[in-house]
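Use the sequences and the hints to build the structure in full.
Residue strings, one per chain:
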Amino acid sequence: MSLKLRINDGISTPAAGTTPKVIPLAAPRSAGAEERFFLLLSIFIGIYAGLAVVCFRLAIEWTRVYALGSALAVSGRRLILAPTIAGLVVAFLVMKVFPAVRGSGVNQTKSALYISNGYIPLRTAIGKFICSAIAIGSGHSLGPEDPSLQIGATLASALGRRLRLSREKTRLIAPVGAAAGLAAAFNAPISAVLFVIEEVIGRWSAGILGSIVLSAVSSVVVARFFLGAEPMFRIPNVSLIGAEELLAYTALGIAGGVASLVFAKLITWLRSHLKAMPLWTQYAQPAIAGAIIGTIGYFGFPQVMGAGYEYMDQAMHNQFTWQMLLALAFLKIATTTLSFTSGTPGGMFAPTLFIGAMLGAATGGLEHILVPHLTGSVGTYALVGMGVLFAAFLRAPLTSVFMVLEVSGNYSIIIPVILANTLAYLISRSLQPTPIFEVLTSQDGLILPSMEEQRDADVLRVEDAMRAYAGPTLETDELADIAAERAAKSPEPVLLVRRRAYNAWHSIRRENLRNSPPHSLVEQVVPEDPLPVLFPDVALEAALRKLHGHDLLPVINRADAGKLEGVLTLELVLQTFAEATEKNLE
Amino acid sequence: MSDPSPNSNPTASPWWRKDAVTIAVLVAIAAVGFGATYAITKSYTRREDALARRWFQAGETDLAAQKPKQAIADFRTALLYSRDNPKYRLRLAEALAADNDLQQAIAYFLNLWEEQPGSGSINLELARLYARQHQPRPAAQYFNNAIYGIWPSDPIAQRRQARIEYIQFLLRQNQQAEAQAEAVALSAAVPPTDTQSRLQAANLLLSIGDPEHALAEFNALLKADPAQASAGAGKAAFQLGWFHSAAEHLRAATDHGIDDPETKTMLARAEAVGALDPWQRHLSEADAAKRVSTAYVQAGARLQQCASDLQQQLDAKPPSTDLQRLYAEWTKTGSQLHRLARDPDLRDSMMDLAFRVENTTAVHCGPPTSTPDWALASLAKYGAGVER
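Chains as they are written, first to last, in numbering that gives the first Met the number 0: chain A, 0 to 585; chain B, 0 to 387.
Since the hints were derived computationally from the structure, they do not count as laboratory data. Quick caveat, the model's predicted, so the values are computed rather than measured. In this text, a Cβ means the ideal position worked out from N, Cα and C, and glycines have one as well. You may find that some hints are simply not true.
Unchecked claim - Which chain B residues stay away from chain A? Per the calculated CB distances, all over 10 Å, these:
(1) 65
(2) 86
(3) 140
(4) 156
(5) 191
(6) 260
(7) 368
Stated by the list, open to error - Output of the computed footprint for chain B on chain A, the stretches with three or more beta carbons under 8 Å from beta carbons of chain B:
(8) 32 to 44
(9) 53 to 62
(10) 66 to 80
(11) 307 to 320
Claimed, not checked - Simulated DEER-style distance windows between Cβ atoms:
(12) 33/B to 413/A: 35 to 41 Å
(13) 137/B to 249/A: 27 to 33 Å
(14) 298/A to 86/B: 31 to 37 Å
(15) 442/A to 49/B: 43 to 49 Å
(16) 30/B to 536/A: 49 to 55 Å
(17) 223/A to 52/B: 20 to 26 Å
(18) 413/A to 153/B: 44 to 50 Å
(19) 249/A to 30/B: 49 to 55 Å
(20) 224/A to 20/B: 24 to 30 Å
(21) 52/B to 224/A: 21 to 27 Å
(22) 149/B to 413/A: 32 to 38 Å
As structure tokens, this is what we get:
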């Protein structure tokens, strides 16, 4: 059976009515067995993703040595020729062989989760591996983290299909692989787990969290086994001099917010223009981007080429003047925009960190000159700057804080990190309400759920919809005749009955009570099964599920199960949702 | 749906047994992947090591050829392939220092220092860099760290060398007292059998302005190295105004082949002081009178030379300048020269006049240059303190 793909800038979905052809490795399992197997599988996914990422990193390094030479300070015509030729090769591969490998990989993984039930073709991983290695290794201004994320997700997806997991697990397996890929690339499992939760899945769930953590940890163990346990950067002595230094970090937060805005606007604008150009130009766009980036490198700024980790390291150790750092930050914005919008496969994490590090170090350097008594080491500013851009540009505030802490291994800078990141995040949010990942998906004509919106959405609770119970609360041990008398004038058509012994609640329609046999107890006429109970703080969505088959449900006090706070009906729930929607529209 | 898990059905086989084949396949794939990745990583590591060595050698060559900028680029590239190699990092920092990029050199050394805060060599390099940056406080701190730091080979000599550099730094900072204290500590720390180091320490004490300790050190070394020790002792005694001993030591040094101009000049001056001193023990009245007479004539010549340089008339009446007043006194005293042999008080007063002439002419015409004038000025300076 042939697999028809819908190609939309790297996002592939099986065409309607087709099913990917897979060779199953295992028979279907029961739910419990699958749950346990999924956890075990997560470890294997982590191992495979770790191995793949190690090979990917080495492939980038090999490419760099062959394309640009082994010297750190690359010079000469190679600077222009290597990214240009690589651009041509990558364009051909993307257009003809691997059409699904465009973009960074984050949105592609999200689309696999939300659009194609976790399906990512294996050739995407192969294509991403080859194309990204060529592009990054030859000097395109992109990073290896997002491709690693996608490679991990693709491997996991392929494995899930072959192991005949349930639809739910097949869909969730891609984020598990994504976390593994990102963790291995970053050498930072906590950040990877948080990013996938924050940006890909969007919710905390015990079921998926365990798998993600297992895969992230196992992939990091594998990556460290092969590449060493050293952190990505040689972390300088980071410290906070005093509370007054927070003013300086405030300035950094503002600068980071503005820089991320410029970066996002530039990508949005250029990408939409380049996508609108004729199809044949897409063969030339990566090469032209490469030529421009190479020219920038040729004329004195080779630091902006490639992922640039070694230069982030140098910035952390105060090895550039603040003017140079500022120039590098803005040139990196320009070069990454060119590389990314031209359709060259590669990630935006490393460039974002690069820009943040340069901007942070520049701010620190400048503040050293203006108010030398106020500022600590430039390295601390570079480190905080990384988090600032991560929070503001990628809109992952929680991940950004933990990433800085995890990379630095120093909790003494938590206050400046939180302050600067939050400030940058808020500035970016207020000036660019739609996060960059969503802008990109909307440019591709897709509608993926917005994690930021989900986080910000007001949760409607039972207390927002419930009303007071107007009828008498009947007891199971009273006579049905007397109870019927008590309920005769009640406006409630359905009456609540309390079983004191078990603090359980039942309901009975008024006419059923009236028609009960003489001298019978209420207990004998109410349905045997107790009603599900609700609490005022329960989310309305959760309450809705419990309402099925019931006219009304009691809302009780958490401290006293016998105390009735109110009642909830389906009408009330629907009415509350309708009012909330109207309010949102306003 | 029935749940075939072990909890619900104790007779059912565990879940992992059902997936045993699958798990075995997964393990096999992981093993193959590990093997393949291991081979690839090894191959790349070998290549990286080769590149690191190549670039390091290039850096060493460039540094030796006084091309620090190129050496910096080379060492940085070497570190790209061997990131945490301490040797490469140290050489990079040294290349940065050689390129006068003190800020970056300090940053690099500080990184190394964070990993090895007790390293003597890193502390010494930091001290040197801060000294070059004219930052005395951190320089002193790192010098002290270096003196008490860990040195992998020959720690005693390395610490001594660090202390010597510290003393020289203190002297440049005009911190004589601190330098003197360090120099005394240095000489005390030198093993008695290490003659060269003791000589070095004694010379340092001398250059600091502690001739007394220096003389004691040199005297202790007279047997071990008579030539250098005699020369040093002579210089130390000379500084103390002990011209008799100085002349003896300096003569001994000359006899042992020391032939430098400084020693010769000092010897000549020390002998001149001895020859001009009228208060020397066991000197006859006639010889004392002769020396006073010589001093008197010498003072007069100095006075006339100085007046000539200043274009002053010495015989002006009434005398209005210091020189004229001294000349009037000198002329008046001249008539009493024949009484010198019989009158010790006159000898003292005439020597006092000669001293005043030397001191005043030194103020107006600069320090004496001729040996006799210098000898007379030294007698004036040390007075009764001159060794006899």
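The hints, checked one at a time:
no. : hint                       : result
1   : 65                         : holds, 19 Å
2   : 86                         : holds, 16 Å
3   : 140                        : holds, 16 Å
4   : 156                        : holds, 32 Å
5   : 191                        : holds, 43 Å
6   : 260                        : holds, 50 Å
7   : 368                        : holds, 51 Å
8   : 32 to 44                   : holds (count 6)
9   : 53 to 62                   : holds (count 5)
10  : 66 to 80                   : holds (count 4)
11  : 307 to 320                 : holds (count 4)
12  : 33/B to 413/A: 35 to 41 Å  : holds, 37 Å
13  : 137/B to 249/A: 27 to 33 Å : holds, 30 Å
14  : 298/A to 86/B: 31 to 37 Å  : holds, 34 Å
15  : 442/A to 49/B: 43 to 49 Å  : holds, 46 Å
16  : 30/B to 536/A: 49 to 55 Å  : holds, 51 Å
17  : 223/A to 52/B: 20 to 26 Å  : holds, 25 Å
18  : 413/A to 153/B: 44 to 50 Å : holds, 46 Å
19  : 249/A to 30/B: 49 to 55 Å  : holds, 53 Å
20  : 224/A to 20/B: 24 to 30 Å  : holds, 27 Å
21  : 52/B to 224/A: 21 to 27 Å  : holds, 25 Å
22  : 149/B to 413/A: 32 to 38 Å : holds, 34 Å
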